[in-house]
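Going down the list, the protein sequences come from chains A and B.
Using this note's numbering, read the first sequence as starting at 1 and increasing by one per residue.
Using this note's numbering, read the second sequence as starting at 139 and increasing by one per residue.
It should be emphasised that the hints constitute simulated quantities derived from the structure, not laboratory data.
What you are looking at is a predicted structure, and each value in this text was computed from that prediction instead of being measured.
Where is the CB? At the ideal position from N, CA and C, for every residue including glycine.
One or more hints might be untrue.
As the list claims (entries may be wrong) - Pairwise CB distance ranges, derived in the manner of DEER restraints: (1) A/Glu51 - B/Glu218: 16 to 26 Å; (2) A/Ala135 - B/Val180: 24 to 34 Å; (3) A/Ala10 - B/Arg257: 17 to 27 Å.
There are 2 protein chains.
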Amino acid sequence: MFALDPAFAATSQFLADLPLCQARLQLDARYPWIVLIPRVAVARELEDLSEADRARLMDEILAAGRAARAAGTALGRPVEKLNVGALGNVTPQLHVHVVGRRADDPAWPGPVWGQGEARPYAPEALELALGAARAGLG
Amino acid sequence: MFALDPAFAATSQFLADLPLCQARLQLDARYPWIVLIPRVAVARELEDLSEADRARLMDEILAAGRAARAAGTALGRPVEKLNVGALGNVTPQLHVHVVGRRADDPAWPGPVWGQGEARPYAPEALELALGAARAGLG
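Looking at chain A on its own, in the form it has when it is part of the complex (with noise of 0.2 Å):
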């Protein structure tokens, strides 16, 4: 049976469920941020998702790339790259960041895991990317 790691919870809001993955906001303002974790029993490898899973998560990676961006666009902060990875080194359970970026954010050109803090969203900013990324997850 699939449980969300507790780490998640802490970390990211929900945004919907997909046909294959739980998408999530990651609680951090300095980017727009989807996380997506296969709501599978035990995967931590893509290998351990069956191919039709693997498909599933294809299309649900360019949904949460137009998640990002849609939340980057009503934040007044156009996407200008998307990354994505799929690392797990600290929290094993499979998930998948996709995060839009942009020359000017904190991070940039380096990746965005491990770098600093996150700022939390102010309350109006939040309500804007939940409703923006929900639309964009389509």
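Since chain A is already given, all that's left is putting chain B on it; use the hints.
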């Protein structure tokens, strides 16, 4: 027409042409690290690939994972976790990194990108890594 960005030639060595991607070994002995570059004319984001090519890319990411594992084992440092990333903040031509990680590697648990300087392979280790990675791709 596809042309490899010269940045890849400077930092990696040809392994094989897969159905979609050119696979290359990153010349950094700290990690068994495969770079996949789709051989399509102009692609910067995953969404620039056709659906068929995205499916090929997912297959080749799995093959690159097997190649990284094979290289790590050949070098006496079996891979414990795969990291997969499509960033492109520095080199915009679409490419995917597949990196074999260990809890005792120099960047663990952070990402490898932008961390320290690449460490050159000794000639014999390079031959071992290239041979094992090619066998793992195949």
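Evaluated hints:
| no. | hint | verdict |
| --- | --- | --- |
| 1 | A/Glu51 - B/Glu218: 16 to 26 Å | holds, 24 Å |
| 2 | A/Ala135 - B/Val180: 24 to 34 Å | holds, 29 Å |
| 3 | A/Ala10 - B/Arg257: 17 to 27 Å | violated, 35 Å |
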